[in-house]
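Engineer: Residues per chain are reported as follows:
2 protein chains.
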Amino acid sequence: MGINLTNFLSSKSKNKIMKEFQDLDHIDGVSISTVSANLYDDPRDDLVMFYFREGANYASVYTQSKIVSENIKWNLNQKIKKVFGLIVNTRNANCFTGKQGYRSLQKIAEEISLKLSEKQKIDEDQPRKIRSKEIIFGCTGTIGEIFPEEKIRNKIPDLIDKIKYTQNKLIWMKAALGIMTTDTQPKMAMEECHIGNSKIKIFGISKGSGMIQPNMATTLGYVFTDADVPNNILKKLLKKNIVTTFNAITCDSDTSTNDMVSIFSTAKIKHPKIKNVNDEKLNEFDFALNKVLLNLAKRVVADGEGASKFISIDVKNCKTEIDAKKIAFSIANSPLVKTAIAGEDPNWGRIIMAIGKAGVTINFEKISIRFGDFSIIKNGKLDENYKEDQISDYMKKNNIYISIDISSGSKTFTAYTMDLTKNYIEINADYRS
Amino acid sequence: MGINLTNFLSSKSKNKIMKEFQDLDHIDGVSISTVSANLYDDPRDDLVMFYFREGANYASVYTQSKIVSENIKWNLNQKIKKVFGLIVNTRNANCFTGKQGYRSLQKIAEEISLKLSEKQKIDEDQPRKIRSKEIIFGCTGTIGEIFPEEKIRNKIPDLIDKIKYTQNKLIWMKAALGIMTTDTQPKMAMEECHIGNSKIKIFGISKGSGMIQPNMATTLGYVFTDADVPNNILKKLLKKNIVTTFNAITCDSDTSTNDMVSIFSTAKIKHPKIKNVNDEKLNEFDFALNKVLLNLAKRVVADGEGASKFISIDVKNCKTEIDAKKIAFSIANSPLVKTAIAGEDPNWGRIIMAIGKAGVTINFEKISIRFGDFSIIKNGKLDENYKEDQISDYMKKNNIYISIDISSGSKTFTAYTMDLTKNYIEINADYRS
Chain R
116 MGINLTNFLS SKSKNKIMKE FQDLDHIDGV SISTVSANLY DDPRDDLVMF YFREGANYAS
176 VYTQSKIVSE NIKWNLNQKI KKVFGLIVNT RNANCFTGKQ GYRSLQKIAE EISLKLSEKQ
236 KIDEDQPRKI RSKEIIFGCT GTIGEIFPEE KIRNKIPDLI DKIKYTQNKL IWMKAALGIM
296 TTDTQPKMAM EECHIGNSKI KIFGISKGSG MIQPNMATTL GYVFTDADVP NNILKKLLKK
356 NIVTTFNAIT CDSDTSTNDM VSIFSTAKIK HPKIKNVNDE KLNEFDFALN KVLLNLAKRV
416 VADGEGASKF ISIDVKNCKT EIDAKKIAFS IANSPLVKTA IAGEDPNWGR IIMAIGKAGV
476 TINFEKISIR FGDFSIIKNG KLDENYKEDQ ISDYMKKNNI YISIDISSGS KTFTAYTMDL
536 TKNYIEINAD YRS
Chain W
116 MGINLTNFLS SKSKNKIMKE FQDLDHIDGV SISTVSANLY DDPRDDLVMF YFREGANYAS
176 VYTQSKIVSE NIKWNLNQKI KKVFGLIVNT RNANCFTGKQ GYRSLQKIAE EISLKLSEKQ
236 KIDEDQPRKI RSKEIIFGCT GTIGEIFPEE KIRNKIPDLI DKIKYTQNKL IWMKAALGIM
296 TTDTQPKMAM EECHIGNSKI KIFGISKGSG MIQPNMATTL GYVFTDADVP NNILKKLLKK
356 NIVTTFNAIT CDSDTSTNDM VSIFSTAKIK HPKIKNVNDE KLNEFDFALN KVLLNLAKRV
416 VADGEGASKF ISIDVKNCKT EIDAKKIAFS IANSPLVKTA IAGEDPNWGR IIMAIGKAGV
476 TINFEKISIR FGDFSIIKNG KLDENYKEDQ ISDYMKKNNI YISIDISSGS KTFTAYTMDL
536 TKNYIEINAD YRS
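Chain order of the listed sequences is R and W.
If you're matching positions, the first sequence starts at 116 in this note's numbering and goes up one per residue.
If you're matching positions, the second sequence starts at 116 in this note's numbering and goes up one per residue.
Mixed in with the good hints there might be a few duds.
Which copy is meant is left open, because identical chains are indistinguishable; a pair holds if it fits in one copy or across any two.
[Unchecked claim] The list that follows gives simulated cross-link-like pairs (lysine to aspartate or glutamate, DMTMM-like), each with its CA atoms no further than 25 Å apart:
#: 1; residue 1: LYS383; residue 2: GLU499
#: 2; residue 1: LYS355; residue 2: ASP343
#: 3; residue 1: LYS481; residue 2: GLU260
#: 4; residue 1: LYS314; residue 2: ASP138
Honestly, the hints are just simulated from the structure, not real lab data.
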């Protein structure tokens, strides 16, 4: 990109929460290239390709919106065993673009697969003919604008030229920056684990809420591993782990038409074969995958539009997990709770209101509420030791932890969100000025 | 109150929407008195009594929150045929106040009923002994603070002294002002109609979102009529008409623990007896009641915290009314739609997003979207005549009308909301500074 990344980050990001990154380096079987297709009036990278030279097993989960973008339709239509390319563009969501949007993807996939097949002949001992259906897409940006097919097609030769078979810290950073919209920070996470005696890497990047020309809170997450896990097991692992990670976050309660989280497994590390999702050999991998997804998901919230605080809402001891989730999200999505926290006000009455409106029957004489280590409500009554000054001090922290004990069962759910500030309104109402 | 109402209003209200009031005058059988119990550090009226000297038939609907205030518990516990007094206080919601809150109401009710019984002996030909259970309460304000029993009890003699049997424009205005919290405008509405040949009045007042020390969006609405309608029919009429009026509005998606809308029927006008809710003699009354409730509900939205625009969202031609309501509220509660409208931005992509997340299965090739008179989406495609300049001009209006035609049935729902502005954040996050 020709710019100093450190300067870029420090100038762009006013956000002080979760600013430290893990360094991602090489992971076998993944190649990354990034270019600017000039989708913004800005020379920033806006088009990122992940190329799997030997193909990758993969699984994806998509938005539950009843309106989905054309790239998600494309991805769902390709019935393939291995994927060879993931192309992610920003600035345009390719949603409500109809046939124009879908056909553009088809043409781009045809051209890229052709060019990659040519490259295979040069670089590989056993070259493969890559088919257009082995290319999938992630899109994020404005809804309803014509998809910039030409701009993207013009840059395909550059994307191919830039392919390198060794990645480093810089190229991962560029990929994480290249998929950003109004994010102020790139989002990266990694873990290492074992399957059998083999050391396995799990790398991930994601983007969060809002856009340079904001239109909606679009979330993308891509996870890469050198393990050899079949598609059906990847799918089960992803679905299971998404519940407590990407499906446990909310910035502003608005659901994107383009949400997409995928995992790609390049099978470059040899290890004992995995037969099913309950295979004990997967335990460490399962745990590490959850950590990567949760780390990425938390970064999305911490960098949510206008965020000044990261908030964890831990709802414990409910009759069912659904009850716990309803209460956690009722609090996490309440504008009055979120503005109180923005104002550093320990306004626990609003927590009570949000629990009440969740629609879950509760014995209020048994509930307890804590902010951080401070007990506020104990068995339905204001704690005798409650000191508003102490809690007011606690509210000044960047990370706020709210814990609700319902005392009527054993099920738990933790939701993650951020506060609601004037900057959210500024980003979303004033961007044309 | 010793202050000039017109000056008060023009200085306090920055809001330009729905500023005109109807003048409410006398309605037989209702007496109003208002005092300051010094619940705020301010000599403003904060305690309002409606006294029905011959009793009134009545019906109420209450919040659906799983946490309800002590006054609502009190009201639900009194199994009575006629109510003699409604006492409304602001500043304190009497919620999460436990036994202290409930017993305070009991003491206040006992004292008021005693004093009113004494007054009956002086003023009435056939004096009645009024019982404490014939007094009901409306409370609005901060949750979880000790209920100011003493301050209120001290003012009971004043409340009684101030009873006048003729009301005028000023006393209604004082009542509507006396129940306000962070409202910037009093909310009043009236209609006249006929039952048989008798002319009937329906007067109403309400309060809306936020508080001086804001804690939540509490809504109260009280409607008074001189018609003679029995309790069971009042209840059915209220429940039916609440669906399209108070239950069709949202300011910020947060549900109060204290919501309460009541109707009181003093039976002072003689007319043919009403036997059931389907009685044709009720048609005009039913229609007029809906108008009063809708007028009050719209005023609550128009004066919602930080509102600069009043927004109607009309969802047409759905398979079921539930579907239409889901879509209408999904749009009305979307922070991204509401910030776009605050920014006067015709960002229809966000409307698409909000329709998509409503969870209703839709044929997107059939939907049409209009802003005011301007067609945006026609049968799933951007209208050929769409001119962004025109729509941008339209977005500058104070009243925004959004119409969505789903074209898959015949059911309709209209929701009312306001935009989401920096003032909302200021009111709710910065109030301590």
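Engineer: Can you give me the call for LYS481 and GLU260, within, between, both or neither, at a CA distance of at most 25 Å?
Structural biologist: Between copies, since 19 Å is at most 25 Å while 52 Å is not.
Engineer: Is the C-alpha distance from LYS314 to ASP138 at most 25 Å within one copy, between copies, in both cases, or in neither?
Structural biologist: The answer is within: 17 Å in one copy meets 25 Å, while 79 Å across copies does not.
Engineer: State whether the alpha carbon distance between LYS383 and GLU499 is at most 25 Å within one copy, between copies, both, or neither.
Structural biologist: neither (60 Å within a copy, 52 Å between copies)
Engineer: At most 25 Å between C-alpha atoms: does LYS355 with ASP343 qualify within a copy, between copies, both, or neither?
Structural biologist: So LYS355 and ASP343 pass the 25 Å test inside one copy only (19 Å; across, 61 Å).
The structure fails hint 1 only (numbered hints given earlier).
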